[in-house]
Structures are given as structure tokens and as C-alpha cells.
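J.: Whenever a hint applies, use it, and build me the whole structure from the sequences.
Protein chains in written order, with this note's numbering: chain X, 1 to 302; chain B, 1001 to 1302.
To be clear, the hints were calculated from the coordinates, so they are not data collected in a lab. Mixed in with the good hints there might be a few duds.
[Stated by the list, open to error] Straight-line distance between alpha carbons at most 27 Å, and here's what the computed DSS-like set of lysine-lysine pairs gives:
| id | chain 1 | residue 1 | chain 2 | residue 2 |
| --- | --- | --- | --- | --- |
| 1 | B | K1286 | B | K1012 |
| 2 | B | K1299 | B | K1012 |
| 3 | B | K1012 | B | K1253 |
| 4 | X | K154 | X | K209 |
| 5 | B | K1154 | X | K71 |
| 6 | X | K154 | B | K1012 |
| 7 | B | K1154 | X | K154 |
[What the hints assert, rightly or not] Here chain X is said to cover these stretches of chain B; the calculated rule only asks that three of the stretch's residues, wherever they fall, bring their Cβ under 8 Å from a Cβ of chain X:
| id | stretch |
| --- | --- |
| 8 | 1092-1105 |
| 9 | 1128-1138 |
| 10 | 1146-1152 |
| 11 | 1167-1175 |
| 12 | 1199-1211 |
| 13 | 1264-1272 |
Just so you know, even glycine gets a beta-carbon here, dropped at the ideal spot from N, CA and C.
2 protein chains.
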Amino acid sequence: MSGDSPMGGNFKDVLMANAEAVEEVLDQLMPVDGSPEGRVTEAMRYAALAGGKRIRPFMVTASASLFGVGKICALRTAAAVEMAHSYSLVHDDLPAMDDDDLRRGKPTCHIHYDEATAILAGDALLTKAFQVLGEEETHSDPAVRAELVVEMAKAIGDEGMVGGQMFDLMAQDRTLNMPEITHLQRLKTGKLIGFSCEAGAILGKAPEKARNALIAYAHDLGLAFQIVDDLLDVEGDEKEMGKKVGKDLSAGKETFVSLMGADRARAQADMLAGQASNHLDLFAEKADSLKYLAEFVIKRRT
Amino acid sequence: MSGDSPMGGNFKDVLMANAEAVEEVLDQLMPVDGSPEGRVTEAMRYAALAGGKRIRPFMVTASASLFGVGKICALRTAAAVEMAHSYSLVHDDLPAMDDDDLRRGKPTCHIHYDEATAILAGDALLTKAFQVLGEEETHSDPAVRAELVVEMAKAIGDEGMVGGQMFDLMAQDRTLNMPEITHLQRLKTGKLIGFSCEAGAILGKAPEKARNALIAYAHDLGLAFQIVDDLLDVEGDEKEMGKKVGKDLSAGKETFVSLMGADRARAQADMLAGQASNHLDLFAEKADSLKYLAEFVIKRRT
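T.: Structure representation (C-alpha cells):
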């Protein structure tokens, strides 16, 4: 890697600038009118414009920048990914699911509104995500748009994120072993992270080798990301995180940390993040921002 | 119209044959494996393969047949529409929404499984619907596939079906007037019916005049469909319908029937169905099946 130290404040600025640009697009994509049903659009905005590091959108724009993809194309795709991510948080937080009251330091959607509105807001966010990917403004080539739709659907449907959440709920009354936890996390968080990185290659009609490198990067970084999430659930500060911590422990849930111990988990995350970055060597310094991201993911405290 | 009387059994046979063909495609599109997360796929199948008249899928295949669209293309699009419709039923039936225990004579998805599984199954059906529309097998032209994705999303998102459900929930503690009920139903049921009819024109790259005729047909028939739904809620037989009746009345909800009275509502539905059929005159006898459908919609008892 060249240039400024990623952790010296510079990378965080880049991340935040990207988050702001994505939020601007999200804001434009969800205009509120005075209609009575506008409540659901307000709830969508509440869920999707609630701040956050916007790591997945960053993966989209950073991977897109490797192939000279236009800014609007990348940002719209990033916004669609964030809508899909936000929908999953809204539904996961519901009483029938993980029953969470706090998210990013604010009441969750069903607490701020009500359950019905939260269910509908999630549904509408998911729907809008696909709409945005399908629209002409996202890419001039409809084959690219259709591919984005299909690949995101595979990443977040019953064979992806939703399947992971199902597995997670079913596993609550039994002990998972390491291959099972890895499978669960691969589905629940790994696949959407995978799509976020692959999206740049799809937008840029990248050669297969480049696309596979991004998939491999996402594969390793996704797992590192999850291990750090588990570590933060044990070691994190509730106030700083803006959500409950110690949840897995009190629920008696097995995690990477409960199975490996914190030290080994931390070493594993470091190793995976390094490995993730190595997959990007073929892009030389053009991939610096994704490498900085890998470092950021394992050093983050929230 | 020419040929057999639509109500003489012949049209119902055509409708059922189409339903079977759509169910075969649905079955293929949702294979179950032995994975632990397979429970969500099972719940998707439970919801989407629960029988029913499959009126929306029929609209897709009948409108597609006007333009010589290939059978597989039409059936896959029809299956996607049915997935979207099924998802909406699963979520609408949830305790936080309409809280229904019975659907098509069977326990609703959250009763048969549980709330969390029902929420996830709905999410996955919605996701899969977009995946199917985006996949190459649905149409060789990616521009058509992207257009299907965008138009369906508009029909079922916060400015369509989801918005309608939001409006419906918000209206539960106040009295709606006729323009409001019309607006509500236009969103809640009208827009997806509109897409179902328009889909054939999109698949067939139909000229604008033909497309507009189908939109106008769907517009009128969608309203007739809803009025008949309201009539059946008052006059229908619970056993025959396979769901609770008298719900609107006991909830003190205004409907077309409560505002107009049953006789005027019936006359209005007849008028709208006739008007719907008239929009199709430019297709001559090629549109007979859609005209039969209009008649079927107002004469149905379930």
C-alpha cells in the first residue's frame, strides 16, 4: 500500500465522504410526499438514513473505481445495496426475530413506528433496491442491470442472507460447531458483502480474473468482519456502538469468539484481512482503498 | 366474444390448466435441499403452492399470448408475479398486520410455521420474484428483463401495493370516503393487477397503443375485482372461500359495499368489467381469454 496511513484519519475521511455521497443518493431515491401512505416512505428513510459507516456501499464504489465506472452508476448501486442491508436490519430487529430496541444509537424502526410499519418499510426498501438496480440511470447496458438484480437476489434470498437468518433462528436452541457457524455467517453476512465487492466488477464488465479476485477478497474479509463483530459483542462499548452488546453471550449463542477464544479469534481476523488484501495485488495501488478498508474492518471499535 | 361460453366450464378449465402450468414452474424455481436453512424454502413453497385461482398469472400469460411471447417466458413471468402476490399475503396475514389464521382453507404461514419464518419466507419470495424476472431464461433481451424488474417494483413498492397496505392499516380508525377507498384499492390491489396485464406487452415489446389498452383493461378490471372482493366479504361462504368473511364489517371498515350498498356495488362491478373488456377490442378475438376473465372475475364466488 502507498500513501497516507489508512488509520491516520485519512481513510476514515474517505469512508465518511463516501457515506455522505451515498446518503445523498438515498435521500433523492426516497422522496416523501404528503400522501397518507407516505408514512411507510418515512419509515424507509428512518431506517436507511440512520447513519452508519456504510461499509458495503464503500465496497461497491471502491470496487467500481477499479474499472473506471461512472460515479452515478456506482453510487446508485451502492445505495441499492444499502437499502437491502437496511431492510434486513429492520426485519431482523422485529420482536418475532432478534427483538432489538436499539440500532445505531436510535430506537429500532418498529419501536419508533410500530411493527406493521416496520415490516412494510423493510418490504419497500427491498423492493426499491431492485428497482434502483433495474433503472437505466444505474447503467446504460441493460444486461449489466439485469445481472446486478440476479446476483443481488441470489446473495440476499433464501440461499443467501435470508437463509442465514433462518439458520440463525433455528440454531438458537442448540450448539453450533465451527463449520456450522462458518456456513451461517457465510450466508447471513458473507453473501451480501460478496455482492458488494462483485458489483464493481459487474458494473465495469471486468475480466473474470479481476472479478474472482474481488470475490476472494470479499470471502475472506466477510469472515474477518463477522469475527470482529463477535469480538465487539464481547469487548465493545454499548454507548459507542449504539446497540446492545453481550447479546450472544447472554443468549448462550456460540460464536467464533466462544469457540476459539478472543485471542485466537483476533489473530484469525487479522490473518483473514491480510489474506483478503493479498487477493487484490493484481490491481496494484488502484486497490489501496479496499486494502485500507480491510485494515479498518479489523481495527474498528463499532 | 366468440367460442364457448366462458362460464360454461370451458373458461374455468383454461384457468385451471394455466394455474397448473404456473405451479409447475413455481415448483421448479423453489427446490428444497436438506440444508438447515431449507425451512424457509419450505415455507415459501407452502405459501406459493397453496392453490388458488392464479388470476394474476393468468393475466400475464393471456396478455403475453397477444404478442406471440414464448411459453417459458410468459410462465416464468407469471410465476414471479405469483411469488410477489404470495409474499404480500404472507406478510399481510401476520399478527402485526391483518392477523389472519386462515388462507385458501389452510392455516396461514405464520400459524403453520411461526412468525419469524413467515416474515423470512415473504422476504425470500419477494427476492426470488425479482431474481426470476432478471434471469436470462425469462427473456433473451436484457432490456425487457430490466423493464420487468422496474415496473414490478413500482407496482408493489411504497408507491404501490405496500403503500396501499400502509394506507389500509392507517385508515382503520377513521372513515374513508369514496375517493380514498378508490385510491387505497388502486394501490393495494390495482397496481399489481396492472403490472400483470402490462407484463405481456413488455415481454412482447408491444406498440404503445396495445400496451395502453392492457393498462386500461387492468385499471377497470382491478377495481371490479376489488368490489367483488368486498361483496364476497359480505355475501360469501366462509367454507367455500377458505378464509374468514365478514371481516370488514366486524372491523367497522368502510368498503365499496358499505358506501354504495350491495346492489349498486354489484352494478358498478358489472359496468367496470364490461368497460375493461371494451378496451381490448383492438385485439379482436385474440383477447377472448382476457374478456372471459373479466366475466369470471365478477361472477366468481370465491
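J.: Does each hint fit the structure? Answer for all of them.
T.: Verification of the supplied hints:
1. At roughly 18 Å between alpha-carbon atoms, B/K1286 and B/K1012 fall within 27 Å of each other, so this suggested pair holds.
2. For the proposed pair B/K1299 and B/K1012, the alpha carbon gap of about 12 Å is at most 27 Å, so the pair holds.
3. This hinted pair does not check out: B/K1012 and B/K1253 have alpha carbons roughly 32 Å apart, beyond 27 Å.
4. With a CA separation close to 21 Å, the supplied pair X/K154 and X/K209 stays within the 27 Å bound.
5. About 25 Å separates the Cα atoms of B/K1154 and X/K71, which keeps this hinted pair within 27 Å; it holds.
6. Taking the CA atoms of X/K154 and B/K1012, the gap is near 36 Å; set against the 27 Å cutoff, the hint is violated.
7. Using a Cα cut-off of 27 Å, the hinted pair B/K1154 and X/K154 holds, with the two alpha carbons roughly 21 Å apart.
8. Check on the stretch 1092-1105 of chain B: 3 of its residues sit with their Cβ under 8 Å from a Cβ of chain X, so the three-residue criterion for coverage holds.
9. With 7 residues carrying a beta carbon less than 8 Å from a beta carbon of chain X, the stretch 1128-1138 of chain B meets the three-residue requirement, and the given coverage holds.
10. Note: the stretch 1146-1152 of chain B has 4 residues with beta-carbon separation from chain X under 8 Å; the three-residue rule is met and the coverage holds.
11. Residue count for the stretch 1167-1175 of chain B with a Cβ under 8 Å from a Cβ of chain X: 4. That meets the three needed, and the coverage hint holds.
12. Counting residues of the stretch 1199-1211 of chain B whose beta carbon lies closer than 8 Å to any beta carbon of chain X gives 0, which falls below the threshold of three, so the coverage claim is violated.
13. Counting residues of the stretch 1264-1272 of chain B whose beta carbon lies closer than 8 Å to any beta carbon of chain X gives 0, which falls below the threshold of three, so the coverage claim is violated.
Consistency with the previously given hints fails for numbers 3, 6, 12, 13, ordered from lowest to highest.
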